[in-house]
Each structure stands twice: as C-alpha cells, then as structure tokens.
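Asks: What follows is each chain in one-letter form.
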Amino acid sequence: MVAAIKRPGWTRGVIGALLAAAFGFGLVIALRAISGLPLYQTEQTGYPHVIVPLILAPLGFLAGFGAFDYWLRWAIGAPTIPDDHSQHGAKSWKDYFRFNTDHKVIGIQYIVTTFIFFFIGGLMAMLIRAELAQPGTQIVDAATFNSLFSTHAVLMIFLFVIPVFAGIANYVLPLMIGAPDMAFPRLNALSFWMLPLAGLLFIGSFLAPGGAFDAGWTGYAPLSTGAPLGQSFFNLGVQFAGASSIATALNFLVTIITMRAPGMTFWRMPLLVWANLSTSLLVVAATPFIAGAQFMVLFDRVLHTNFFQFAAGGDVISYQHIFWFYSHPAVYIMMLPGFGIISEVISTHSRKPIFGYRLMALALIGIVVLSYSVWAHHMFVAGMFSWLRVPMMLTTLLIAVPTGIKIFSWLGTLYFGKIHTYSTAMLFALAFIVTFTIGGISGVMLGMVPIDIHVSDTYFIVAHIHFVLFGGSVFTIFAGIYHWFPKMTGRMYDEKLGRVHFWGTLIGTWGTFIPMHWVGMDGMPRRVADYATQFGEWNLLISCCAFFLGACQLVFLYNMIVSWRFGPKAPANPWRANSIEWQVSSPPPIFNFDEIPRVVGGPYEFGVPGAKHAIMAGEGAEVPAGEPSVVGSH
Amino acid sequence: MYGRLPIVKMMLVTVALTAVMSAVMVSINWDGQEASTAAPKIDDLLNVMIVLSSFVFSLVCVMLFYALWKFKAKPGDESDGEPIHGNTRLEVAWTLIPTIIVLFGGGYSWKVLHDIEKLEKNPLTVDVFSQQYAWSFGYPGKGMAWSQGELHVPVNRQVQFKMHAQDVIHSFWVPEWRIKKDNVPGITTTAIVTPDRKGTYQLICTELCGFGHASMRAKVVVESPAKFQEWVAGLKEEVPQPLAESIVQDTETNPVGTEELGAGGA
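Residue numbers (numbering that gives the first Met the number 0), protein chains in the order written: chain X, 0 to 633; chain W, 0 to 265.
In case anyone wonders, no lab produced these hints; they're calculated from the structure.
C-beta: ideal position from N, C-alpha, C; glycine also.
Keep in mind that the hints are not guaranteed to be accurate.
Said to hold, decoys possible - Facing chain W, according to a computed beta carbon distance under 10 Å, are these residues of chain X, among others:
(1) His87
(2) Phe114
(3) Tyr219
(4) Ala310
(5) Val607
What the hints assert, rightly or not - In silico lysine-lysine, DSS-like type, Cα no more than 27 Å apart, as pairs:
(6) W:Lys69 - X:Lys495
(7) X:Lys495 - W:Lys71
(8) X:Lys495 - W:Lys120
(9) W:Lys218 - X:Lys611
(10) X:Lys611 - W:Lys73
(11) X:Lys568 - W:Lys73
(12) W:Lys120 - W:Lys110
Take these sequences, add in the hints, and give me the full structure.
Replies: Following this line, the structure appears as structure tokens:
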C-alpha cells in the first residue's frame, strides 16, 4: 500500500484527485467564511464549492498519476530519474492503463478511449431517436432531451471525432515519417490523459443539480450563462479537451517539421502527414478561441463578469463570433485528417500514385487559410451586421473548390489503376467519396444566404452535419481503423464481418440522414423533443434506420475485439503499401526502427519501375541507381 | 492517356442522370407552400442549385462507377496500375470550373438576397416580443395594441418586424414565408416580408431557448387589409411597460434592408 502511494499510478492518482478536491472545497468555504458570506452559494449559476474542486481534481489526478513527475523533478532541481524507458512501450495489457510515453501505446489508448465515448454518444443518439420516433413526449421529458442531444454532440465532437484522429495519427504518423517517437513523448501522454477527464466532466454533469448541460454543444449565451450547474461542467470539460487538443497539435507540428527521416522532403511526405500538419495548424490557432469563449461563459456564471449579459452591457452576439471562429475551423479539424486517411487507402488499394499530389497538398493548405474566413456563415440569421453576410457567403462557397479538387483527384487516382475492393477500408473510402459529396453539396446550399435563411436551425442542418461528420469523418475513421488494424494489433480482422458492417453502415447512414433534409426544408426545426404530427411518418422511418445503423456498429465492435484477440497473425505489409510504417513488423518494434530509414522517393510510386520510397536498415545494397522520379511531376 | 476513356459517353450518361435527377427533384415542392413574395425567389434559387448539384453528384457517381467497372483488379492480379502522377489540364479544369459554378451561385444568391430585402413604400411595422416560451406582438397606432400568441398581418403589404427578446435568444420563423431571424436580447433585429397569400400559418421558434423550445409557437393569420384593421382595432390590451421599454432600450445596430446596406455600425 505504501509503495503504491509512493509510485505514480492509479492509487496515487485517485489520492491526488481527492486531496485536490478537498483543498479546493476547503479553500472556497474558508474564504467565504472569512468574508462573512454564507458558506454555500447555490443559486443555479454559482456553486463555487463545486466549480473550484472540479478544476483542481483533474489536475490532482494527473499529478498523482505521474504526468508531471519528470518535469517537477527537473524544475525543482532534483535529480531526474534516468530515462530507463520503464514508461515506454507495452509488454502486457496492464501497460495500457499507465502513464506511458510510447506513441504506439498512446495511439491505442486514444483509439480505444474515444471509441468507448463513441458508443456512449451513440447510445444517447438511440435514445434521442427513440423519443423522436413519434410526435409527443414518450420516453424522456423536454429538459432531459435537451441534455441528451447536447451531450451526444459534445461527446461525438470533443471525445470521438477530434481525438480519434489524433489517436490514429499518433500511432501511424511517427512511423510514416521514420521517427522513433513523437517530439515530446511526455506531453503526448499528458495530452491523452486529459481526455478521459474531460469525458468524465461531460458525463458527470448528469449528476449535477438541474441535470446535464442543455444549451446544445454550441452553448449560446445567454441561455448558457443562466443555465443550471451542468453548464459549468461543460465549460470546464472543454478546457481539458481543448488543452489536450492544442498540446497534441503542437507535438505533431514539431514532430512533422523536425523529425522526418533523412531524405523526406515536404514533397515526399505522405498525404496523411500533410493532412495532420494542416489540422495541427488549425488547432493551435483556433482552439484557444473556444477555450476563451467557455472561460468567458464560466466567468459570467460564477464571477458575474458580464461578457455576454445584455442587461449589464454585455454583447450577446459576440459569443457566437468567438465560438464560431473556433468551431468552423473545427469542422475541418474533424475532416482534414480523414482526407489524409482516404488518400493513403485509395492510392494503396488502386495501386496507383495519388493523382495531382502537389495540388492535393496545396488544397489542404487552401482549406486551412480559407477556413478562418467563413465562420459567420453560421450566423446569417443571428442578427449580426448584415453586410458581413455576403463576403462570408463568397468565402464559404469558395472553400468548396479545394474540397472539390480532393474529390476529383481521388477519382482520378482510380483511373488506370488496379482497384482492389477486398479490404473494408477501401469500401469505406469509396463510399466516403459519394457520401461526402452529398454533405458538400448541402454545405454549398447552406452557404447561400437566402437558402440558409429558410433552412437554418432546421433538420436540414442536422442532415448536413451528419452527412459531413458521419458520412464524412466517421467513414474515414472506419477506413483508417480497418486499414491500420493489422499494423496496430498484429492481427487481421475479419473481412466478411467488415463487409456486413460496411453495407449496414452505408444503408443506415443514407436511410437516417437523407430524409432529414426533407423534413427540415418542409418546416421541422431542430433541437425539439416534440414536433408537428405531419412529420411523424418520416421520423419513424428515420428512427428505424438510426436503430439499424446503431446495431451495425455492434458488428464492428465484435469484429475488432475478437480479431484483436484471435485474428490470424498479420504480415508486416498486408496491403503491399509503400509508406514506411508498412516496412516494419506488425506491430512495430518498441523503438520503431533499428536504424532510421532513408527516404529516396515519393510515398505513392506504384507502378514506377525501380522506384522506392524508403530504404530500411539492411537494405543498403538495393539502392536503385539514381534518384527515382519526384512525386507530383506531370 | 485520358484520350483512351469514352469521355463523350461518360458525359452523356452524366447529363442524362442529371436530367432525370433534376426533373424528379425540381418537381417536388421541398420547402412547402409559398406565401410571401420572397418564397418563389428562394425556391427558384434552390431549384437552380438542385440542377447544379445533380450535375456534380452525377459526375462523381459516373466517374466512380466507371472506374470501378473498368479498372477493378482481376482476382490474383498483383501488378500495379499505370504510374500516372497527374494531368495539369484536368487539374486546372477541376479547379476553375467549380470556382465558376460557386461564384455564379454566389452572385445569384446575392441578387436574391438584395431583392427579398428591398424596402417598399409604406410598410407596416410590427414589434415582435419573445420570451421563454411565448410570442407577443405590438401594433402601432393609438397607444400600442398588444396581441399574445397570435400574429395578424394584411396581405400584399410589406411588413417590417422589429424583434426584441426578453431573456435568451429566440428565432422567428414562418416556413411558408421563408423568413427567419434571431431575436437577440439587448438589440433590435429586423426581418422584412411581404405576405402574398391569405391563410393561417405557424410561427416557430428555431433557436434553442430551453425546455419549452419545441412548443414555442404562435398562430399567424394573413388576411385582407380591412379585416386586419378591424382585428387591430379590436385588441383590448396595450403593450406592457417592460416590453415597451425593450423597444427603446435595445440598440439597433444591424439593420436589414437594401437601402441601408452598409449603413449600419459594425
């Protein structure tokens, strides 16, 4: 027991959390007692004796868990524990539950954790659809319904789509660029461990008096500034998820810029690396805005700062500007890594170089730049300065151009290739092209002010966002998980079950989200627990398709768990891909490479005689004469 | 290289698919009944976009399914495809053509927006008050007539709604008018509409405003000017003091209307 307290780990983590919470609680009570105030302040936006412990407990847990040990010792001048790699790599399953600095372990930790939240968020979606299957209120009351869809969105966005991409990239990206690990392994581990804490805060808000936060994932003021205590849980959860996101993005940027293997010029990077470079550029600059916005709401609630309290001179609309200045780029944070995955999968399985590689990379950068200039298209009916609508409309429409370039370039990649569709990853990638095109088209329509005036805040929006985030991002996530599953686990998954999952998901997605366009245009607003009876039949169909879609995800879950445990052993390179991660064993050795590989050509040189992407250790003799052709030349 | 593809046939299939899809989709009245002068303009824009979108969607599908049919690897074929890295002319084409399409859409939308927000002479001004979870309306005249939960407007006369939220953000939407505008605490927002069809409609709150959001509705009646006058004259109550104050206190920073474009403060 004593040893467990001294050693970083779960025991010390829980003790740290409890001590920090107790300290925070005591501090608030003591300060209030000294000031002669009532000890507990329980008007609904107050609760300082809950808020302060909520801020401190996660930090206490992290400190106890060992996230800061090395830095603290270094900072206070104590001898740091020599880097014996005891925190590095996983020898047994138990190592996945520790503070581990190996990017491959962290990648798995990310992916498993985020999928747990995917299934929790999915269950909430099932409850939402159950309530909406019929007009009237049957299963949950209106207030609970608001909490459910708010939590569903927050879990899916902040704890699934954004971090699962960070997880996949965490595992794959250092291998892809020939690096032994991420640039800052301890920061990497810290980034991961902040994530489940954010998730606990979001889900824990159901325990708060007044219920979970219910102002939507957008948390518009002044609904959020006056909401019950649960809203503060959201404000704080976003801080931890956001800090995790920002730290990871910094880590990716430094890793990509400084740790590429010799010979890997920018124009020889796989597009997944380009995609994560672009995403990280978005995250580091945009995410602080949502962190700021949520702090301002929290301060309005607890400290009465009146940023957004109109009665005290605050400006209601400025919340939306700050929020969307993050949350529109966030849409691309949730999409660009997926674009990278699709490029890898399509090129590999059609045995062809990516069509227009340089333009593909430049399109990513184009999206990054444009995405900062479109945020107010979420506010066409918000009552903002009306002239701002037209320029925001034009930039919004223009951002379809780089996205279109990517769609057409993927299609171009297929031509004159040898397309293999035996892999579920490729099926998801191909379906993604069509499904995402629908989401893109409805996005262009929404960008047009007159159409947006009519369909804004209706089910058309719900249809659009799910086509982009489910038919788009989640399809790319599935493609990525299936594609790298052999590399990560050393096992092959079952393609038959993969196909069942794929076709079910495709049909379920279209069946669920296509009719939502129609009911939205016809007059059904979003975020309602009850609706006009005329939409009853469509909603019943939507709900049935949603349940089917949900059930299909259980096939995926079963396939992943069983294959991970019992699947046939995977070869190093089952897809005959070129990029570096496939040239090492599955799963890769603990430090990735015995010797850093040397990059001598582009990553997608399929069909180019004698071309090679990288020379691995012990391959020196095979160096082809002269440098192979440069990627992207025409 | 790409000369080997049956480009003409592929384009023909694309155009045929586009024609069938657009014919079906344009014939459906997606947005429901049209009851304002703005509605047909917005629906026309939507229909043009449906045709353009059908083309883009058909093109993507034709390109994808042709490739899958033609270039699918034979079982056991482990060879690679042809090492084509790109084609500058094609890449320029699929950068420029979509740019032209979206800029056309942008210009068209701009014109529609300009038209539907054009101010007409002698508009009727109605103040809209929203609070959790009810709508009420103030009519100009002697004192200020107040109607709770029921909005009456005359047919074929432009109405300017001046909106005032009392607590949180609400949003004013009458689907048949195709007009929506948030009511924002602290500021006055404006929406302009010319109803051109008599009837009874529903005003729907479309901004999440709390547990009663789904039921925050009001009845909208569009009637002849004579009937409308009679109805206003029959209103017994005047706008209560706190609501009347919000008209004065709310700052009007963001006027809508073609004449005022660019004239508002930021």
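Asks: Go through the numbered hints given earlier and state which of them the structure violates, listing their numbers in rising order.
Replies: Going through the list in order, the structure violates hints 1, 2, 8, 9 and respects the others.
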